[in-house]
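A.B. asks: Residue numbers (this note's numbering), protein chains in the order written: chain A, 1 to 290; chain B, 1 to 317; chain C, 1 to 319.
Hints were generated in silico from the structure; no laboratory data involved.
Because the structure is a prediction, the values reported are computed rather than measured.
Be careful, since some hints might not be right.
Claimed, not checked - Here are the simulated DSS-like cross-link-like pairs (lysine-lysine), alpha carbons at most 27 Å apart as the crow flies:
| no. | chain 1 | residue 1 | chain 2 | residue 2 |
| --- | --- | --- | --- | --- |
| 1 | B | Lys223 | C | Lys246 |
| 2 | C | Lys62 | C | Lys91 |
| 3 | C | Lys91 | C | Lys68 |
| 4 | B | Lys235 | B | Lys223 |
| 5 | C | Lys91 | B | Lys235 |
| 6 | C | Lys62 | B | Lys235 |
| 7 | C | Lys62 | B | Lys223 |
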Amino acid sequence: MNRDPAFSRPHGPRSLMRGLFRTGAGISGFVIISGFALLAMATAAGAIGSEWWQTSAGAWQGPGAEHWFGTNRLGQDIFARAVYSTQTAFEVGILVTIASTLLGATLGGLAGWYSPGWLDESILWLKGVLDSIPFYLLIAAIAYAMQGSPWAMHLGMTAAFWTGTARLVRGEVIRLKEREFVAAARAIGLPGPLIIFRHVLPNTFNILLVQATLVFVAAIKTEVILSFLGIGTRDGISWGVMLAESSQEVLAGRFGNFLAASGFLFVLLMGFNLLSDAMQDELDIRGQTA
Amino acid sequence: MRSGAYIFRKLVSAFALLIGVTFISFLLMVWFGPDLTYQSLGKNPTADQISEVRRQLGYDRPFMERYGAFLGQLATLDLGHSDSTGEPVSRLMARTLPVSLALVLPGFLIGNLLGILLGLWSAWQRGSMTDRFIMGASVAGMSLSFLVIIILLQVLLCTPWGLNLFPARGWSVDGLSAYLYYATVPTLSLVLITLGYNTRFYRSVMVEELNREHIRTALAYGKRTRAILFTHVLKNSLAPILTRLLFSIPIIVISGSLLLESYFGIPGIGKVTYDAITNGDQPVLKAVVSLTAVLFVLVQLAVDLAYRWVDPRVGPS
Amino acid sequence: MTAALSVHEISVSLPGPGGLIRVVDQVSLNLERGEMVGLAGESGCGKSMLALAIMGLLRGDKGHVEAKSVALGHHEAGPSSSHGMVDHRGKRIAMVFQEPTTALDPVFTVGWQISAVLRRRFNLDRAAARDRTLESLSDIGFSDATDVYRAYPHQLSGGMRQLVMIAMATAVRPEVLIADEPTTALDVTTQQQAMAQLRALQRDAGTAVLLITHDIGLIAGSCSRIMIMYSGQIVESARYETLFQKPLHPYSAGLLAAVPRIGSATPVNGIAGHVAPLTEQRVGCRFAERCARAIPVCRETRPTLLDREGRMIACHHPL
């Protein structure tokens with residue numbers, strides 16, 4: 001089975017779209033994500049859920065017409081909080097995905113291009129080191145070192161996630177290095193980094209796309225756990241914060257927070273996973289989950 | 001001769017890794033770590049008292065010297081005493097490490113065993129309704145946060161709103177039944193969380209194996225399904241299976257235990273580590289860091305050895 | 001007497017761009033006990049597909065198989081029967097595959113693999129199976145049977161692996177053996193060893209052998225009958241000497257004429273044109289456009305395999 005991307009059907013964005021829409025999974029995934037993305041933008045624009053922090057209503061109201069999931073300890077509308085959290089989720093997801101993909105592609109590309117060599121070895125070493133430090137310890141340590149900055153978790157996640165992307169890109173670059181178009185570029189004297197960024201990396205686009213979806217999922221899931229541990233979202237609201245609150249509340253029989261947050265979270269993650277699956281099947285690529 | 005050079009290279013990279021890990025850990029946990037100066041001082045400390053404490057804690061020394069001291073302590077296994085509780089760190093580790101292992105290992109093993117079996121089954125039936133159901137369930141499993149599963153299980157099994165069969169927190173294990181009592185819900189959570197990922201991974205490995213020509217030969221000579229799956233497919237998949245198992249051990253033991261222990265109030269190494277980070281408890285951190293680094297290096301070595309043992313094509317013939 | 005293998009109208013269809021394509025088109029054949037029959041044809045004519053279909057090895061996605069009947073002796077084992085070939089494979093029917101490189105499991109020794117097959121076939125214990133395996137390995141010509149037994153496939157050369165596959169098949173002593181290009185990786189001497197082994201099987205166990213090959217010379221040495229296959233159909237079938245002296249189908253004539261003969265001054269002719277891709281399903285005879293003897297009816301109706309003085313021919317305008 002030939003996995004060489006250059007031998008398989010050329011997948012420009014348009015044919016990729018068409019391919020994805022062929023499966024039920026692809027369509028549902030796409031629809032779900034778009035729905036949530038629109039929601040996130042709507043909340044960012046202040047159109048929905050902007051009253052998430054208001055404590056006007058009474059505490060612990062059950063689900064009803066006015067508050068679909070009821071209210072929490074402070075009398076805040078749980079549904080509005082869940083809706084507003086969409087923005088947090090996308091913010092974390094997008095920032096971490098872009099940062100780790102850029103970092104991973106760059107370092108992976110450089111490592112692969114200058115392989116074998118000291119640059120490759122150093123980058124591999126760095127990857128090995130970061131991979132050996134247990135994930136939550138790394139993020140916790142960074143969070144602590146940054147003295148409670150709200151960007152600590154983004155930075156920590158980026159530092160942990162770039163290695164998976166880099167590993168894939170490095171492998172791909174090493175393979176592509178042998179291809180004719182690279183030999184041609186070299187023959188006419190183009191400098192290494194230029195070849196990497198202008199010619200080689202665009203061929204890794206599909207791989208990066210698949211990996212990006214997986215990183216997005218990982219970022220959102222990680223934020224939930226970090227918020228529970230107290231080193232995630234600090235000022236603001238996210239599903240992680242809501243779940244952290246709910247961990248005590250459910251023991252007292254109050255399920256509003258839990259149901260709202262886990263429901264939203266599950267649907268969005270399913271959307272991403274379905275889309276990611278459809279992409280992987282279509283492009284015949286497997287991503288790296290940690 | 002090739003073996004000798006190979007081993008040497010492995011040792012060098014292992015050493016480089018250890019240096020890297022300890023450096024970053026030192027950087028994050030000690031250099032940027034919390035300032036403990038004021039913890040042991042009373043109100044209105046004088047400048048002299050402050051500088052005395054700082055000198056004791058070593059804050060006035062330059063970077064490289066402190067890093068060197070850090071390394072030295074690691075190397076000599078001078079683990080010292082916990083800053084927060086005063087307990088000797090070695091005793092702390094000896095007490096908490098077995099707890100974490102007892103907590104995490106069953107879930108890890110069961111999660112992977114089930115993953116392999118489900119992977120085999122869905123690979124054999126690929127394309128069928130069974131396969132699609134298993135894959136669908138796996139995707140759903142992958143879309144659930146660890147926290148969500150833990151809370152859900154806790155509600156369903158440990159509260160009056162559910163079956164109320166198991167405790168919501170705690171760990172006082174003095175025998176098998178007590179162990180089952182406290183470990184079941186955490187184990188179940190671990191299994192459910194990892195099952196989706198495991199099944200998908202193993203399935204894709206098995207499907208690739210099933211597409212190989214020698215499977216057709218086995219079928220041509222009348223080998224039955226069970227024989228094919230459990231001899232030919234399984235043995236050929238051992239390399240990726242072992243790699244995955246070995247590489248996930250450090251992750252599961254340390255990160256997995258972190259969350260489970262914080263949630264269920266179990267006194268294991270994950271919880272201890274987390275507290276140490278937030279409290280800046282250096283001796284404990286040093287111990288955990290060295291443990292992790294060594295564990296990771298051992299795992300790398302184990303994976304290399306495993307490859308040689310499992311695949312007759314690799315290694316000296 | 002019941003034929004060892006009798007196949008009635010077996011077809012294999014594969015999904016293609018325009019729908020299902022018939023890569024094997026209603027082929028029927030019989031093998032009597034103890035006879036070796038050659039099946040010749042260019043690559044791509046469907047010989048291997050036919051073999052796999054008879055063996056029942058084409059799973060759903062690899063090909064859709066239909067047949068009126070496929071029987072081993074008295075046992076009906078076609079795709080529509082309750083168990084198909086499953087119970088007979090490795091016992092009554094065996095196959096030697098074309099590609100020896102990947103046909104063996106790389107993580108088990110060669111000896112282990114053959115022993116496993118024999119244990120199932122003859123219900124032997126480990127020691128007895130080992131002995132038989134060693135026996136069959138030395139029978140086929142390995143002087144160091146024990147070394148080969150303990151070897152892993154990647155430690156053997158391509159030719160040795162092919163010999164191992166043949167040894168495995170003959171050790172089973174099946175009623176029917178399908179050999180798909182069994183000698184491609186072998187040099188001339190080993191080729192003779194292998195063929196000698198097949199002939200011994202024929203003689204001693206009464207095995208019916210279907211020898212699939214594009215090498216007419218190989219057939220000449222050992223087969224009593226020959227069938228010619230073109231583009232999914234059997235176009236001619238006769239006793240070897242009869243066909244050789246007087247081929248009836250234009251394609252057979254071309255095929256035989258294309259074999260260089262030592263000492264002959266006759267120039268070697270290829271057959272003009274090439275096998276049309278199966279995606280172009282046309283009515284009429286598939287050979288028509290390459291045929292020098294094509295007449296109008298050839299392009300309209302597909303010729304069926306008819307009995308003519310003891311031989312079978314599917315042609316509207318035979319020689």
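A.B. asks: Would the pair Lys223(B) and Lys246(C) pass a check requiring their Cα atoms to be no farther apart than 27 Å?
C.D. replies: violated, 44 Å
A.B. asks: Compare the distance between the alpha carbons of Lys235(B) and Lys223(B) with 27 Å, and conclude whether the hinted pair is satisfied.
C.D. replies: Holds. Lys235(B) to Lys223(B) sits at ~15 Å (cutoff 27 Å).
A.B. asks: Straight-line Cα separation of Lys62(C) and Lys235(B) no greater than 27 Å?
C.D. replies: holds, 25 Å
A.B. asks: Checking one constraint from the list: CA of Lys62(C) to CA of Lys223(B), max 27 Å. Satisfied?
C.D. replies: holds, 19 Å
A.B. asks: Has the given pair, Lys91(C) with Lys235(B), been kept, meaning a C-alpha gap of at most 27 Å?
C.D. replies: holds, 25 Å
A.B. asks: Check the hint pairing Lys91(C) with Lys68(C) against an upper bound of 27 Å on the C-alpha distance.
C.D. replies: Answer holds: Lys91(C) to Lys68(C) is near 23 Å, not above 27 Å.
A.B. asks: Taking only the CA atoms, is the gap from Lys62(C) to Lys91(C) under or equal to 27 Å?
C.D. replies: holds, 24 Å
When held up to the earlier numbered hints, the structure conflicts with hint 1 and nothing else.
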